[in-house]
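In case you want the letters, here they are:
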Amino acid sequence: MDSKRRNFLKVAGLTAIAGIGAPSAFNMLLKGEALASSGGGHGEAAAPSGTRWGMVVDVKKFAENPELANQCISACHTVHNVPDFGNAKDEIKWLWVEKYPNAFPEHSQDKRPDYVQELPIMVLCNHCEKPPCVRACPTKATYKKKDGIVAMDYHRCIGCRFCMAACPYGARSFNWRDPRGKDENGNPFIKAENPKFPTRMRGVVEKCNFCTERLAIGQLPACVEAAAQSKALVFGDLNDPHSEVSQVLKANFTIQRKPSAGTHPSLFYII
Amino acid sequence: MIEKALKGSTGYWVWMLFLLSIMGAGGMFYAQQFNYGLGITGMSRDVTWGVYISQFTFLVGVAAGGLMLVLPYYLHNYKAFGRIVILGEFMAIAAIAMCLMFIIADLGQPMRALNVMLHPTPNSMLFWDMIVLNGYLVLNVLCGWVVLQSEYKGVKYPKWIKPFIYLSIPWAISIHTVTAFLYCGLPGRHFWLTAILAPRFLASAFAAGPALLMIIAMILKRTTKFDIGREAQDKLVTIIGYAALINFFFLGCEFFVAYYSQMPGHMHTLDYLFWGLGHGDQVYNNLVPFMRASVVMGLAGIALIFVSRAKQSDGLLVLSCLLIFVAFWIDKGLGLVLGGFVPNMLDQVTEYYPSVQELGITAAIWATGFFILSILYKVAISVKLEKEA
Ligand code: SF4
Chain A
6 MDSKRRNFLK
16 VAGLTAIAGI
26 GAPSAFNMLL
36 KGEALASSGG
46 GHGEAAAPSG
56 TRWGMVVDVK
66 KFAENPELAN
76 QCISACHTVH
86 NVPDFGNAKD
96 EIKWLWVEKY
106 PNAFPEHSQD
116 KRPDYVQELP
126 IMVLCNHCEK
136 PPCVRACPTK
146 ATYKKKDGIV
156 AMDYHRCIGC
166 RFCMAACPYG
176 ARSFNWRDPR
186 GKDENGNPFI
196 KAENPKFPTR
206 MRGVVEKCNF
216 CTERLAIGQL
226 PACVEAAAQS
236 KALVFGDLND
246 PHSEVSQVLK
256 ANFTIQRKPS
266 AGTHPSLFYI
276 I
Chain B
362 MIEKALKGST
372 GYWVWMLFLL
382 SIMGAGGMFY
392 AQQFNYGLGI
402 TGMSRDVTWG
412 VYISQFTFLV
422 GVAAGGLMLV
432 LPYYLHNYKA
442 FGRIVILGEF
452 MAIAAIAMCL
462 MFIIADLGQP
472 MRALNVMLHP
482 TPNSMLFWDM
492 IVLNGYLVLN
502 VLCGWVVLQS
512 EYKGVKYPKW
522 IKPFIYLSIP
532 WAISIHTVTA
542 FLYCGLPGRH
552 FWLTAILAPR
562 FLASAFAAGP
572 ALLMIIAMIL
582 KRTTKFDIGR
592 EAQDKLVTII
602 GYAALINFFF
612 LGCEFFVAYY
622 SQMPGHMHTL
632 DYLFWGLGHG
642 DQVYNNLVPF
652 MRASVVMGLA
662 GIALIFVSRA
672 KQSDGLLVLS
682 CLLIFVAFWI
692 DKGLGLVLGG
702 FVPNMLDQVT
712 EYYPSVQELG
722 ITAAIWATGF
732 FILSILYKVA
742 ISVKLEKEA
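Heads up: the sequence lines are chains A and B, in that order.
Heads up, the numbering used here is the position in the first sequence plus 5, with the first residue counted as 1.
Heads up, the numbering used here is the position in the second sequence plus 361, with the first residue counted as 1.
If you're looking for bench data, these hints aren't it; they were derived computationally from the structure.
Every residue, glycine too, gets a C-beta built ideally from N, C-alpha and C.
One or more hints might be untrue.
Below are the EDC-like pairs computed for lysine to aspartate or glutamate, each with C-alpha atoms no more than 16 Å apart in a straight line [as the list claims (entries may be wrong)]:
id	chain 1	residue 1	chain 2	residue 2
1	A	Lys94	B	Glu712
2	A	Lys104	B	Asp708
3	B	Lys596	B	Asp675
4	B	Lys514	B	Glu747
5	B	Lys582	B	Asp675
6	B	Lys739	B	Asp588
7	A	Lys263	B	Asp708
Residues from chain B that face chain A, not an exhaustive set, calculated with beta carbons under 7 Å [unchecked claim]:
id	residue
8	Gly398
9	Gly400
10	Thr409
11	Leu468
12	Asn476
13	Val477
14	His480
15	Thr482
16	Phe488
17	Pro548
18	Asn705
19	Met706
20	Leu707
21	Asp708
Whenever a hint applies, use it, and build me the whole structure from the sequences.
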């Protein structure tokens, strides 16, 4: 065998080994997400197993009762000690209202009736099945729990804000300044502190946690509770076909935000 | 060997004191930021990375640019780079040091930076970036110092260093590739979500890094007896010129894909950066003058750098290198990172303006980088001149 040929075989062999190794290496990088995605970016998510918390937002009900959204927001922000800095630059929000074109920028905006463009769309963290924020976090300060909730460890977060760049929904906020502080007039940024939930320190990221602390003691998320009468928010186990949320999903046409991002949100909207 | 940095002309000391004063002022600004939080910068909920991270991104390129000297010299035995390869390695050290400082400056909880190592997370590109950047720093300190020390002692460098030198070659590629992966792996940020990002980063790096080196070499030629030599100079012109051209080719590809496909997400940021993004009844365009200037300067720089070689004009050479360096600094050290956040994920626009403190800290980190660079170059050049005398 001449040396050229031998070299070629060597290279070919190495390439083959690399070729076999590559998919498993990718799998390791994506923590098994690669296989799960074989259903296609816009298609079905992985086969269900265990609990997966999810929610349906009935936008019509929020349109009927303009006060409802604020009640939900204030319930959420009060239990979770979300500070109010009074300006957009420092703003921290877990749950808020957007207009249809902003919540669904990739959906068609052509010839929409005015009322649709003005609908109040409640937005929050989607607790994605395949969360890019978790993929990006360099310290596992943000991680996905077995029940599908994307949670955060505020004590581990280094404040690099990679997760904020990675989230396709703008669901995350950063503590640009001390949330435990006061403004010039001496008013605290956290109006009434809830001692049952930790306040955060400056320099960490935060977002909606699907009230994981309330679920743990058998309560519904604060926003769902605030909207209980109207059933504008339906919360439950997406993997349980008999749960109320699954029934609502079966009976209604719902949409998710930015399906093209391949994140598989656990949040659904009835428009 | 390091004692060489302690002996110098008045000019050297004035320069070092000048850098120190900027560093001191920046230190004061950093104390303010440390006490108040990152809210002291111009960053916001919508534009979550500002000049710190964009400088970091650009400087990774400057560091990787050293490769354009190491590779021809060690791999292709291109002797003409013998005198300057050390300058490339030392520039990489200073650039990586700046990168690390910019990352620390950008952290909300800098005291927890070690968490990246305490909780290794292989699915995060930032984790890999930390590994490749620190690895590249170690490699360059090791290779640069050992080779220079041998020269100082008048012996050939030891054999064991060779594998490290060879390793540093692919490693240089990796630092800029992984840095591009920080951006191009994020769904939803269409401007960054392009497979050509890493190649484009490398092309601009291979132009901007050597361009800075050339500017410094020309200053040294004026102020000291150190001359990199005509052949090396001409070769560098080829490298800088073609790398810069390839960068513009890649930029053209981005324009084609965005505007021919007419995909809104792909067009928005380019609109914002180059033409102004109309949104509601407002037009957002605070980066347009910079980005346009960047293209004009870059193209003019490319033309002039080849003219400078034909005319053998050092003045023109410095001017063209300056144009290319500044053009790519704007492109990557401003447009790339800031542009990616416009529009935000909810199709809204927030423009970013850095604060005084932020600019002060940024200037101080650059000054620290030049401080390190000056010390290293002082040592390297003293050794070289001594041996040649
Ligand atoms: S919505 Fe954003 S923050 Fe929430 S899980 Fe998905 S990517 Fe993460």
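A quick look at each hint next to the structure:
{"no.": "1", "hint": "A:Lys94 <-> B:Glu712", "result": "holds (11 Å)"}
{"no.": "2", "hint": "A:Lys104 <-> B:Asp708", "result": "holds (11 Å)"}
{"no.": "3", "hint": "B:Lys596 <-> B:Asp675", "result": "holds (14 Å)"}
{"no.": "4", "hint": "B:Lys514 <-> B:Glu747", "result": "holds (11 Å)"}
{"no.": "5", "hint": "B:Lys582 <-> B:Asp675", "result": "holds (10 Å)"}
{"no.": "6", "hint": "B:Lys739 <-> B:Asp588", "result": "holds (14 Å)"}
{"no.": "7", "hint": "A:Lys263 <-> B:Asp708", "result": "holds (12 Å)"}
{"no.": "8", "hint": "Gly398", "result": "holds (4 Å)"}
{"no.": "9", "hint": "Gly400", "result": "holds (3 Å)"}
{"no.": "10", "hint": "Thr409", "result": "holds (4 Å)"}
{"no.": "11", "hint": "Leu468", "result": "holds (5 Å)"}
{"no.": "12", "hint": "Asn476", "result": "holds (4 Å)"}
{"no.": "13", "hint": "Val477", "result": "holds (5 Å)"}
{"no.": "14", "hint": "His480", "result": "holds (5 Å)"}
{"no.": "15", "hint": "Thr482", "result": "holds (5 Å)"}
{"no.": "16", "hint": "Phe488", "result": "holds (5 Å)"}
{"no.": "17", "hint": "Pro548", "result": "holds (4 Å)"}
{"no.": "18", "hint": "Asn705", "result": "holds (6 Å)"}
{"no.": "19", "hint": "Met706", "result": "holds (4 Å)"}
{"no.": "20", "hint": "Leu707", "result": "holds (4 Å)"}
{"no.": "21", "hint": "Asp708", "result": "holds (4 Å)"}
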